[in-house]
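Work out the full structure, taking the sequences as your base and the hints as a guide.
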Amino acid sequence: MLSQVDWETVWQATLDTLQMVGISTLFTVLLGLPLGVLLVITNRGHLWENQVIHKSLAVVVNVFRGVPFIVLILLLFPLSTFLIGTSLGPTAATIPLTVAAAPFFARMVETALLEVDRGTLEAAHAMGANRFTMIRKVLLAESLPAIISGITVTCVSLIGYSAFAGIVGGGGLGDVALRVGFQSFNNEMLLVCSFILVAIVQIVQWIGDAISRKVDHR
Amino acid sequence: MIQIEQVTKRYPAKQREREVIALQEIDLQIEKGDIFGIVGYSGAGKSTLLRLLNGLEKPTSGSIHVNGKKLAVLSDGELRVLRQKIGMIFQHYHLLWSRTVRENVAFPLEIAGKTKREIEQRTEELLRRVGLWERKDAYPSELSGGQKQRVGIARALANDPFLLLCDEATSALDPETTTSILQLIKEINQEMGITVALITHEMSVVDAICNKVAVMETGSIVELGEVKQVFREPQHEVTKRFTEGLGGDHIA
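So the protein sequences, as listed, match chains A and B.
Quick note: the first sequence uses full-length UniProt numbering, first residue 1, plus one each step.
Quick note: the second sequence uses full-length UniProt numbering, first residue 1, plus one each step.
By construction, these hints were calculated from the structure, which means they are not laboratory data.
Not one of these hints is a red herring.
Using C-beta positions, here's what the derived DEER-type ranges look like:
{"hint": "1", "chain 1": "B", "residue 1": "E142", "chain 2": "A", "residue 2": "P68", "range": "41 to 49 Å"}
{"hint": "2", "chain 1": "A", "residue 1": "R131", "chain 2": "B", "residue 2": "K240", "range": "44 to 52 Å"}
{"hint": "3", "chain 1": "B", "residue 1": "R18", "chain 2": "A", "residue 2": "K214", "range": "44 to 52 Å"}
{"hint": "4", "chain 1": "B", "residue 1": "T60", "chain 2": "A", "residue 2": "V52", "range": "23 to 31 Å"}
{"hint": "5", "chain 1": "A", "residue 1": "G45", "chain 2": "B", "residue 2": "E118", "range": "33 to 41 Å"}
{"hint": "6", "chain 1": "B", "residue 1": "E244", "chain 2": "A", "residue 2": "D117", "range": "30 to 38 Å"}
{"hint": "7", "chain 1": "A", "residue 1": "L26", "chain 2": "B", "residue 2": "E202", "range": "52 to 60 Å"}
{"hint": "8", "chain 1": "A", "residue 1": "L114", "chain 2": "B", "residue 2": "K14", "range": "17 to 25 Å"}
{"hint": "9", "chain 1": "B", "residue 1": "D174", "chain 2": "A", "residue 2": "F132", "range": "36 to 44 Å"}
List time: in silico SDA-like cross-link candidates among lysine to any residue, alpha-carbon distance up to 20 Å:
{"hint": "10", "chain 1": "A", "residue 1": "K214", "chain 2": "B", "residue 2": "Y139"}
{"hint": "11", "chain 1": "B", "residue 1": "K58", "chain 2": "B", "residue 2": "K70"}
{"hint": "12", "chain 1": "A", "residue 1": "K137", "chain 2": "B", "residue 2": "A138"}
{"hint": "13", "chain 1": "B", "residue 1": "K136", "chain 2": "A", "residue 2": "H217"}
{"hint": "14", "chain 1": "A", "residue 1": "K137", "chain 2": "B", "residue 2": "R80"}
{"hint": "15", "chain 1": "B", "residue 1": "K58", "chain 2": "A", "residue 2": "E122"}
{"hint": "16", "chain 1": "A", "residue 1": "K137", "chain 2": "B", "residue 2": "D137"}
{"hint": "17", "chain 1": "A", "residue 1": "K137", "chain 2": "B", "residue 2": "E103"}
{"hint": "18", "chain 1": "A", "residue 1": "K137", "chain 2": "B", "residue 2": "E110"}
{"hint": "19", "chain 1": "B", "residue 1": "K14", "chain 2": "A", "residue 2": "H46"}
{"hint": "20", "chain 1": "A", "residue 1": "K137", "chain 2": "B", "residue 2": "T115"}
{"hint": "21", "chain 1": "A", "residue 1": "K55", "chain 2": "A", "residue 2": "M108"}
{"hint": "22", "chain 1": "A", "residue 1": "K214", "chain 2": "B", "residue 2": "S141"}
{"hint": "23", "chain 1": "A", "residue 1": "K214", "chain 2": "B", "residue 2": "T100"}
{"hint": "24", "chain 1": "A", "residue 1": "K214", "chain 2": "B", "residue 2": "E103"}
{"hint": "25", "chain 1": "A", "residue 1": "K55", "chain 2": "B", "residue 2": "Q15"}
{"hint": "26", "chain 1": "A", "residue 1": "K137", "chain 2": "B", "residue 2": "S141"}
{"hint": "27", "chain 1": "B", "residue 1": "K85", "chain 2": "A", "residue 2": "R131"}
{"hint": "28", "chain 1": "B", "residue 1": "K14", "chain 2": "A", "residue 2": "N50"}
{"hint": "29", "chain 1": "B", "residue 1": "K58", "chain 2": "A", "residue 2": "N130"}
{"hint": "30", "chain 1": "A", "residue 1": "K55", "chain 2": "B", "residue 2": "K14"}
{"hint": "31", "chain 1": "B", "residue 1": "K114", "chain 2": "A", "residue 2": "R136"}
{"hint": "32", "chain 1": "B", "residue 1": "K14", "chain 2": "A", "residue 2": "V52"}
{"hint": "33", "chain 1": "A", "residue 1": "K137", "chain 2": "B", "residue 2": "Q84"}
{"hint": "34", "chain 1": "A", "residue 1": "K137", "chain 2": "B", "residue 2": "E120"}
{"hint": "35", "chain 1": "B", "residue 1": "K14", "chain 2": "A", "residue 2": "Q51"}
{"hint": "36", "chain 1": "B", "residue 1": "K114", "chain 2": "A", "residue 2": "N130"}
{"hint": "37", "chain 1": "A", "residue 1": "K137", "chain 2": "B", "residue 2": "I119"}
{"hint": "38", "chain 1": "B", "residue 1": "K58", "chain 2": "A", "residue 2": "E49"}
{"hint": "39", "chain 1": "B", "residue 1": "K14", "chain 2": "A", "residue 2": "E49"}
{"hint": "40", "chain 1": "B", "residue 1": "K136", "chain 2": "A", "residue 2": "R218"}
For glycine and all other residues, C-beta sits at the position ideal for the given N, C-alpha and C.
What follows is the structure, encoded as structure tokens:
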């Protein structure tokens with residue numbers, strides 16, 4: 001049973017995947033959150049109406065979301081090389097992963113913030129709050145459960161994307177599943193790597209749901 | 001305390017929408033200590049009028065003075081400071097779901113830059129005043145409509161306002177709860193000397209607590225005066241319709 005599994009390879013691949021997903025989730029949130037906030041507040045009739053910024057951001061987001069991920073990675077190789085000197089390895093893979101996921105996450109942040117009752121914003125406005133306070137203490141605080149769900153969905157997507165990224169040089173479980181498993185007719189390796197990916201997805205989903213439920217007081 | 005002179009508010013035409021005249025040459029004075037009722041059917045412009053008083057809406061022409069200050073010349077910062085001294089409550093409460101009762105009341109104090117100690121002390125005072133101290137750690141979703149409005153009132157009073165604006169504050173409440181909330185507003189007016197401006201589509205609210213009333217229709221004030229006078233001899237057709245079938249359950 002599982003005699004063909006090279007556990008050391010599997011362990012290293014798991015660490016690589018966790019590293020890729022962890023770093024890219026972090027940067028996706030750091031990039032996507034302000035982007036989503038900007039998309040909302042620059043819209044017509046909102047806190048900081050600015051059609052030029054709003055429309056430009058919407059175009060950028062749609063372009064990145066429209067290009068298939070596998071193509072985006074290929075296009076972004078030079079960017080990885082430029083930023084960190086190589087396009088190989090898990091760290092290099094985080095760059096295309098982040099660029100691909102941030103616009104996706106930004107749209108989810110946008111949806112979450114639009115769910116916030118405009119009346120609560122008006123109430124804060126009437127209390128004399130400035131824009132920054134309204135963004136932080138009303139928009140973001142009130143949509144926190146939805147934003148956490150968004151982070152969970154994004155993180156799960158990034159686990160899937162990271163398998164692609166692995167194949168074109170990032171390493172990780174997807175890469176091992178394909179090269180050591182599928183292409184070398186080692187079905188046990190293929191199965192074990194797939195199983196671990198599924199388990200990671202499941203754990204991320206559990207944690208995300210638990211946190212989201214904890215902060216949801218509606 | 002509040003002078004509104006020749007105020008007109010137009011919303012410019014947008015694509016496929018015609019220009020809307022929300023208010024037309026409004027003249028109005030609210031004195032210190034008044035409970036001033038603005039009554040009218042929906043679309044009459046009362047909501048816009050109320051929002052002129054704290055600068056949430058800006059007039060197209062005319063002038064508004066609040067406490068001797070002309071709103072149009074205030075900077076954004078000065079306007080925010082003024083707003084901290086004008087409480088506002090809403091039909092749908094507009095509390096923050098993510099905050100407990102006490103944290104909701106703390107919000108305007110945070111905006112005003114109060115220290116943690118001051119906030120702790122003041123929120124306790126306020127919640128005791130509106131009878132919700134036992135529920136301080138509850139979330140708004142766990143409260144009844146009347147309790148939510150009490151939180152709204154405590155929040156509106158946090159920074160010792162000189163003026164309280166009520167936007168259909170009892171329209172979502174049952175008659176019994178309405179009476180108790182109106183009672184509370186009346187007490188606030190009498191004990192703390194806070195001037196109240198309220199809008200409503202129910203004449204019974206005006207009857208219960210207001211001393212002055214303005215009746216509005218399609219952006220204009222069609223009748224204005226002491227509540228008793230207006231009720232005794234309604235002049236305008238709209239006022240007559242509003243005052244029809246009203247009993248006299250005035251809250252003393």
